[in-house]
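Line by line, the protein sequences are chains R and D. To get the numbering used here, take the position in the first sequence, counting from 1, and add 22. To get the numbering used here, take the position in the second sequence, counting from 1, and add 22.
For the record, the hints were derived by calculation from the structure and aren't laboratory data. Hints should not be assumed to be uniformly reliable.
Selected chain D positions facing chain R (in silico; Cβ < 8 Å) [to be verified]:
1. Pro29
2. Lys128
3. Tyr232
4. Ile245
5. Asp251
6. Ala268
Backbone N, C-alpha and C define an ideal beta-carbon position, used for all residues, glycine too.
2 protein chains.
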Amino acid sequence: MSLEILPVHGIGEITAGDDLALLITAAAPWLADGDVLVVTSKIVSKAEGRLVEVPADGPEREEARQRTLAGETARVVARRGPTTIVQTHHGFVMAAAGIDASNVDKTHLVLLPEDPDASARRLRADLLARGLDVAIIVSDTMGRAWRNGLTDVALGAAGIEALLDHRGQVDPYGNELSLTQMAVADELAAAAELVKGKCDGVPVAVVRGYPYRPADSGAKVLIRDAESDMFSLGTAEARALGLRDAALLADVPVTGATASGHATELVAGVLTPGTGITSYGPGTLRLTPAGPAPADLLRLGADTHRVRVTLAAAGLASTADLDDGGVTLTLGAPA
Amino acid sequence: MSLEILPVHGIGEITAGDDLALLITAAAPWLADGDVLVVTSKIVSKAEGRLVEVPADGPEREEARQRTLAGETARVVARRGPTTIVQTHHGFVMAAAGIDASNVDKTHLVLLPEDPDASARRLRADLLARGLDVAIIVSDTMGRAWRNGLTDVALGAAGIEALLDHRGQVDPYGNELSLTQMAVADELAAAAELVKGKCDGVPVAVVRGYPYRPADSGAKVLIRDAESDMFSLGTAEARALGLRDAALLADVPVTGATASGHATELVAGVLTPGTGITSYGPGTLRLTPAGPAPADLLRLGADTHRVRVTLAAAGLASTADLDDGGVTLTLGAPA
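All chains should be built: construct the whole structure from the sequences, respecting the hints.
Here's what the structure looks like:
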């Protein structure tokens with residue numbers, strides 16, 4: 023199997039209401055059944071009228087941009103300096119929600135298509151109506167964690183399985199492949215970008231010869247939901263969340279009974295020297311002040327919170343009962 | 023410009039000491055100047071003897087795997103269940119440090135090449151010695167944040183600019199492109215993966231027709247260093263770091279003088295009802311217990327630590343002076 027990647031020239035400027043199927047087939051009469059058509063999301067957005075009017079410059083422009091960004095944002099993932107990375111309502115994690123001011127006149131911003139899978143399905147249906155059976159990928163440029171530089175990925179797809187599952191296959195040595203789901207729609211988008219470039223008006227490319235599996239699952243299968251994502255928040259944001267959680271740490275009912283040896287060690291590590299610590303057996307620790315002065319009690323109170331946060335960092339819930347002689351800590355899993 | 027992506031069949035099994043340039047030119051006598059040769063890192067590793075002998079099964083196998091992983095790990099980035107994502111000594115952020123047990127017999131693990139850029143340069147030089155001027159990419163399969171599925175990326179490169187900088191270019195509307203550095207070496211690796219597959223013994227592919235810029239910077243320019251990475255730690259790990267920081271929060275000398283209105287509001291938000299709070303002016307707050315009982319002092323002590331953590335989450339350092347009547351907090355930037 024070998025592939026060809028072919029640019030589609032001469033698509034021209036797209037405005038709201040344009041018929042992309044008509045324009046693409048006119049520009050690429052050589053399109054054939056089985057081709058993968060990779061379409062830059064920007065022309066899909068323009069054809070769908072996903073533009074927002076903004077002032078051409080001045081502080082009003084920046085205000086309008088911020089308002090637009092807020093509208094496209096489901097949640098903020100990370101911020102640093104002028105960069106805001108958000109999760110969009112579609113679920114994509116992208117800088118500035120994928121809102122783009124390039125390749126459009128200065129009085130407009132281009133939003134992502136409202137539903138890129140639906141856009142891909144519509145275009146595929148329009149081409150099918152013209153007798154052409156091709157897979158569609160709606161692509162955009164995206165940043166990544168850990169690596170410099172951007173790559174194109176698939177925001178939408180139609181007629182093609184976006185995620186190719188090799189799990190369960192056996193290699194020539196008899197090892198079963200695990201954890202090997204390839205994001206082929208993203209790889210096709212990346213391959214197409216190599217012939218599209220940024221400024222030269224080639225918003226569409228064709229991958230010919232790729233034996234894709236037909237499917238209707240779209241590109242949304244490529245979106246990892248925040249709950250199963252180990253990187254759902256920026257490092258600074260997650261650390262700040264830890265600090266805020268520590269400040270607000272509530273006394274919660276606990277199940278009691280936990281391995282007290284390790285817990286006692288953790289607790290002893292943060293206590294002010296002189297503070298008494300007695301284990302009453304699994305799940306209970308008694309802390310007593312270093313001396314009789316009021317300042318000693320204040321110090322034990324502060325230590326108690328340090329201790330509870332330390333336990334929380336180790337995944338242990340705790341509750342503190344304060345009395346006039348000291349503190350009784352009960353540890354365990356949240357009840 | 024159009025591209026062809028051509029698989030190289032018949033490379034066969036690679037063992038330590040094999041001459042990849044010889045094997046590749048024998049398998050692909052059609053290779054031509056200007057081609058981009060994408061070589062799966064696994065065969066580079068095998069040729070370089072980057073294998074570790076391990077027991078074929080049992081707990082000893084898992085122990086050996088863990089020891090090997092520790093050896094390849096510069097730092098742990100995130101852990102969840104059986105998955106450990108680490109930064110390798112090269113700087114790559116990869117699950118299990120890229121150590122692979124597939125496509126190798128059960129008594130060996132394959133490590134990444136020690137220096138994939140150097141491997142790429144060597145292969146390029148060996149091919150140049152045979153009169154062939156091609157760019158080399160050493161590729162591997164990698165996971166990403168936020169998106170399901172894996173894609174192939176460039177671990178090493180020679181003779182090609184891995185990162186293509188569009189910054190400063192002007193689009194047809196006169197907008198200057200910003201933030202647009204394309205990771206073309208990763209896109210080439212992804213394109214090549216589409217013809218390589220996982221189990222069918224095609225570890226090399228050729229991208230023909232791509233007008234790459236010659237360069238000697240390698241693929242290491244694609245590695246974002248942890249300091250400039252907004253996702254240098256897993257969310258759970260960063261939150262736990264915040265909790266540990268909160269537990270250990272030290273009294274640090276502060277510059278004093280900060281906007282006390284906002285700080286007073288923050289502080290009031292976490293105090294136990296009844297606790298006294300007096301502002302002595304910019305940078306100083308006095309906290310007094312709700313009542314005279316020792317338990318009230320314990321509670322104020324705990325509140326003091328909650329308050330200091332709250333201030334830390336807002337980026338404010340603080341120091342607490344405890345006396346027999348209460349607590350004096352001094353806020354500000356770290357001195």
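How the hints compare with the structure:
1. Pro29: holds (6 Å)
2. Lys128: holds (7 Å)
3. Tyr232: Because about 6 Å separates Tyr232/D from the closest Cβ in chain R, which is inside the 8 Å limit, the hint holds.
4. Ile245: Since the shortest Cβ distance to chain R is 7 Å, the answer is holds.
5. Asp251: At about 6 Å, which falls below the 8 Å cut-off, the nearest Cβ of chain R leaves the hint on Asp251/D intact, so it holds.
6. Ala268: holds (3 Å)
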